[in-house]
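Enquirer: In the order they appear, the protein sequences are chains D and X.
Quick note on the working numbering: the first sequence kicks off at 1 and runs consecutively.
Quick note on the working numbering: the second sequence kicks off at 1001 and runs consecutively.
Hints in this document: simulated from the structure, not taken from any laboratory.
It is possible that some hints are incorrect.
[As the list claims (entries may be wrong)] Residues on chain X that point at chain D, a partial pick, calculated with CB under 10 Å:
| id | residue |
| --- | --- |
| 1 | Ile-1056 |
| 2 | Ser-1060 |
| 3 | Ser-1093 |
| 4 | Leu-1095 |
| 5 | Gly-1103 |
| 6 | Ile-1135 |
| 7 | Phe-1139 |
| 8 | Ala-1222 |
| 9 | Gly-1223 |
| 10 | Leu-1229 |
All values reported here derive from a predicted model rather than from experimental measurement.
We put the CB at the ideal spot given by N, CA and C, even for glycine.
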Amino acid sequence: MFIIERRASRSTAFRILSPVAAVLAALVFGALFLKLSGFDPLAVYGGMWRGAFGDAYGLSETLVKAIPIALCAMGITVAFRMALWNIGAEGQLYAGAMAAAGLALSFPDSPAFVLLPAMVAAGMAAGALWALIAAIPRAWLGANEILTTLMLNYVAIFFSEYLIHGPWKDPAGFNFPLSPAFSEAARLPAFGDTRIHAGILFALAAAAILTVALRKTTWGYEVRLIGSNPAVARYAGVSIPRHILIAMAVSGALAGLAGMAEVSAITGRLQYGLSPGYGYSAIIVAWLAKLSPAGILIMSFLFGGLLVGGYAVQFIGVPAAAVNMLQGAMLFFWLAAEFFGSYRVSLRGRFREVH
Amino acid sequence: METGALIALLATAVSAGTPLLYAALGEIFCERSGVLNLGVEGMMLVGAVCGFLVAIETRSPAAGIIAAMLAGGALAAIHAFMTTTLRVNQIISGLALALFGTGLSSYIGKHLIGVPLPVGPVPMPIPGLSEIPLIGPVFFRQDLLVYASYLLVPLAWYWIHRTRPGLHLRAVGENPATADAMGVNVYRVRYACIIAGGMFAGLGGAYLSLFYAPCWVENMTAGRGWIALALVIFAVWSPLRAMAGAWLFGGIEALGFRIQILGAAVSPFFLKMLPYLFTILVLVAFTAWNRKKRIGAPEALGLPYERE
Chain D
1 MFIIERRASR
11 STAFRILSPV
21 AAVLAALVFG
31 ALFLKLSGFD
41 PLAVYGGMWR
51 GAFGDAYGLS
61 ETLVKAIPIA
71 LCAMGITVAF
81 RMALWNIGAE
91 GQLYAGAMAA
101 AGLALSFPDS
111 PAFVLLPAMV
121 AAGMAAGALW
131 ALIAAIPRAW
141 LGANEILTTL
151 MLNYVAIFFS
161 EYLIHGPWKD
171 PAGFNFPLSP
181 AFSEAARLPA
191 FGDTRIHAGI
201 LFALAAAAIL
211 TVALRKTTWG
221 YEVRLIGSNP
231 AVARYAGVSI
241 PRHILIAMAV
251 SGALAGLAGM
261 AEVSAITGRL
271 QYGLSPGYGY
281 SAIIVAWLAK
291 LSPAGILIMS
301 FLFGGLLVGG
311 YAVQFIGVPA
321 AAVNMLQGAM
331 LFFWLAAEFF
341 GSYRVSLRGR
351 FREVH
Chain X
1001 METGALIALL
1011 ATAVSAGTPL
1021 LYAALGEIFC
1031 ERSGVLNLGV
1041 EGMMLVGAVC
1051 GFLVAIETRS
1061 PAAGIIAAML
1071 AGGALAAIHA
1081 FMTTTLRVNQ
1091 IISGLALALF
1101 GTGLSSYIGK
1111 HLIGVPLPVG
1121 PVPMPIPGLS
1131 EIPLIGPVFF
1141 RQDLLVYASY
1151 LLVPLAWYWI
1161 HRTRPGLHLR
1171 AVGENPATAD
1181 AMGVNVYRVR
1191 YACIIAGGMF
1201 AGLGGAYLSL
1211 FYAPCWVENM
1221 TAGRGWIALA
1231 LVIFAVWSPL
1241 RAMAGAWLFG
1251 GIEALGFRIQ
1261 ILGAAVSPFF
1271 LKMLPYLFTI
1281 LVLVAFTAWN
1291 RKKRIGAPEA
1301 LGLPYERE
């Protein structure tokens, strides 16, 4: 029999090495899977690496994908810190995209310096409102936010499909389901001739603001207190329902901002497949980054690379879903690594300790 | 609405509710033992695709069903190891399972899209019973897996509420330390229930790909795994109420199709939203109701058990 004991403290080396080990273990697992389905794992991983990080174009595309993932993951972090399981970033992203697109389509003649800030505000407000639909019944009735936020993802995506098939359909679009293109003023600027856009500044700013807000403000302290011990928080007079609403609104606003940036900078119109599941990848990113905004920036870059690398190896027949599977596997291995970081497993009767 | 249309609607409701029912039944076992498994969507998808693949290879739907159950059980075993042995946060492990399973099913099913099933589903009207007006065509002109649910649900209820192992199961979910002191092996019960839950989810998935659809489409469960989780709350962890709830949710889905066929002036996208909006409404209403009546989840739900 094994005995499992809690470790007194975690070693620093372990804390740094365990995420690396988890990613490596997931890659080994993925390699076994690829091998089983008849691919050469080294060729696939090589292709993914070259596609994502091998040249300037790959790197720029990796950054482009990292932007929405990072913004969504930061939103998720705010909620997760309070043990509020917002898994609706995907829908909140769509809500933000629809609101921003609505403004861009309604005011094609307004100048960029008015239109872009308005689109940012509208995108964030829409994301926040979408999250509040789930937050309000959670705050006062305790209705499970995991399920309501997830259901709202489907509703938001269907609503965007309704818009591009119906009222917002481009009359000159040869009957394709897409909205008319935005005016130039509604497009977030990109850097040079890459697709890397000003959204990257949003992500960096969000990381900086969140880091300070979570560490140095009363709000951040109360959020952490509720997350670790709601009973104590309540006893200390912290209003939990109010904090639930605030955290979910902030969470949704960041995902909404990601949606705004996607339609404004990348597609320039509302269309199908706005997000290949950024809101879901962001859940894994937030957790792998241990809910730290700086960690999220690094992990988002890695996950952006996974997506771009995944596209790059599709031409040799590897299904795009391999990447989703790999992301899920990373989370599993990371959870297992966490366990071995905080517990000691030994054989009964041998290394018995008194504690 | 004329009677024929009503009967068709209700019969579709039962059929559409069946995958939800199996998934919810599995989750009831799992949650009754004190473990939340949010990975239902992933397990259903992997069950659906494995069932479909094996049914095509062997030309036997029965082999497909067994494969789907094994696949669902295997995925659930990961969750069992994570939450029971490694004491990982159940919510995060479940989310990982949902995401992993979704990716895995698309990976496996890449070449199955558009492939027809060699042996299609056969409706099996029950002689005699199927002739009863209204009830007959709604309940007794279905397929084998629907009939199996009529038997399994009361059996599950009886097993949970009236047998000794069922008592142990409830004890483990309510108060694992006491159950442990009674001599019940908490870990073994939890492993068994989580894996059984996964097998039921896989079965629900196979019902979709082998009977209801019958085909493989990427992400074909379309959130049914999550709706099943809401159904468990609606059913207050009781198999009998889960059955009624599953048919109700199935009815909403069927209603969407029906309105579309009738050509009503509603956008099909709004009709597609119906099940999700209905789930939110029901979840909120029943959370409030359960709270008022002071009935709720098993006491130890979500908490890892650490033997002192």
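Enquirer: If any of the earlier hints don't hold here, list their numbers in rising order.
Expert: 1, 2, 6, 7
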